[in-house]
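Asker: Protein chains in written order, with my numbering: chain A, 499 to 660; chain B, 11 to 216.
Warning: the hint list may mix true and false statements.
[Unchecked claim] Using 20 angstroms as the maximum straight-line C-alpha spacing, the simulated PhoX-like pairs for lysine-lysine come out as follows:
#1 A:623 with B:50
#2 B:54 with B:157
#3 B:131 with B:50
#4 A:557 with A:659
#5 B:157 with A:659
Please keep in mind that the hints were generated in silico from the structure rather than gathered at the bench.
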Amino acid sequence: MTFRSFGLVAALAAMPFAATAQPASPPAPHTTPNDAFVYQPAAEVQAMTHRTDGKPQSKIVIDHENYFIEYVTRVINTNAEAHNHWYDYIHVLDGEGSITYGGTQEGGTDSGGGEIRGGKLVGGKLQLLHPGDRLVIPPGLPHIFTATPGHTFTYVIFKQKA
Amino acid sequence: MRNLPIAAALLLATPALCQTPLRGTPPDGFKFMARGEIDKLTSKPEPGRVYGATFANDHENYYVEFVKRQDHGNMVEQHPHWIDQITILAGEGVLTYGGTIQNPNVAPTGEVRGGTQVGAKTQGLHPGDFVLIPAGLPHTFNAAPGKTITYVVYKARSQFQPPPIPPSHLPVLGVRLAWPPTSPFASQALLRPPPPCLRYAQKGEG
C-alpha cells in the first residue's frame, strides 16, 4: 500500500466519526443496562397495574432509549393524547374499552418531548376494543383510550421511537 | 495508528459485501386487528413447522410476532442479536432457558435452531405472564402436554452486542483482523448500528 492510498483510506475511515460529532453536552440518554432474563408471573404483572381507588395505572417493565414496554389499566378517561415521536403497538389483554382516534386535537399542550396532552378531540373515529385485539398508533395521531363504564381495560404497549 | 488501515478496510469492505436487503417496511399507519383475525393468522402451522407465527409489523430494528405452538416438535433457539419480550396470551406452556446448546444447528446468520439444550432451567407459562429472553440466551418454548400456547413477542434488536464478524470479512488485504477490535476507531465503528449487510433479511430468523 502506498503512502497516498493509506491517506485516502485513513480519511475515509475517519469520515463517519466527523459526521456523527455530537454537541458538547448532549441530553442524557433515557437508557438502562442490557436486560437479564426476566420472568414475571401474571399475578405480579396484574398487581403492577391494579388499583382499588378507581384511578388508571401504568407500569413500564422494560425501559430503553428507543423502546419500552408498558402495561396499562384504564378506567373512564376523556383525556386526549398524541405522541409525536413514538409508535404504540398495543395488544388488549383484559376488560372492555374503546379508542377514539384521528381528527384534530384542539387545545392540547406539549407536556415535553412531543407528548401532547389534553384538549378536545374533534372529528375522531370510535373503535370498540376487546381482549385479543391489536392496534398500531402512529406518531402524531391523536387518540383517547377509555374503559367502558363499569369496566376496567388492560393492555400492553410496545413503544418504539419513530 | 497501526490499526487504522485495518479499521478503514473493514469499513470499506462492508458495503461491497452486502448481499441481503434490509428487512424494513414503510412506516406504519393506524391499524386495528380484531382477535379473530390474529387467531386466523396463527392457527395454521407454517409449512414445514409445527407452529403458526405471523409477523405483524416488520422493521429493521424491531418487529411484532404472534406465535401459537404445540406440545411437540419445537426446537431450541438462540438469537445472538434479538431480545424477545413476550406476553403470554392463551394456553399453557413450558419455557426451558439457559444452559448451553450441544451440537447446535447454526444458520449463516448466527441464529441457532435445533441441537441439545443441557443445564437449562424450566419455567411454567400461563396467560398474562411476561418473559424477557436476552440476546444469546438459549431457550425452547413448548406447550404443556396436550395443550397449545399463544403469545405475542416484541422483538428488539440488541444494541449492546456487536455483530460477530462474518468469515467473508476475514482476512482483508492479507491482514487477519483482531477480534474483538483493539483500535478505538474500529470499536467505535462496531458500536454503531450494524451496516446493512450484517443485518438479517429473512423472516423466521428472529
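Asker: Hey, residue 131 of chain B versus residue 50 of chain B, does the alpha-carbon distance stay inside 20 angstroms?
Answerer: violated, 32 angstroms
Asker: Has the given pair, residue 557 of chain A with residue 659 of chain A, been kept, meaning a C-alpha gap of at most 20 angstroms?
Answerer: holds, 18 angstroms
Asker: For a C-alpha distance cap of 20 angstroms, please report whether residue 54 of chain B and residue 157 of chain B respect it.
Answerer: With a Cα-Cα distance of about 15 angstroms, the restraint between residue 54 of chain B and residue 157 of chain B holds, given a limit of 20 angstroms.
Asker: Given the hint that residue 157 of chain B pairs with residue 659 of chain A, test it: the Cα-Cα distance must not exceed 20 angstroms.
Answerer: Judged against 20 angstroms, a Cα distance of about 37 angstroms means the pair is violated.
Asker: Straight-line Cα separation of residue 623 of chain A and residue 50 of chain B no greater than 20 angstroms?
Answerer: At roughly 26 angstroms apart (the allowed maximum being 20 angstroms), residue 50 of chain B and residue 623 of chain A break the hint.
Checked against the numbered hints above, the structure violates hints 1, 3, 5; every other hint is satisfied.
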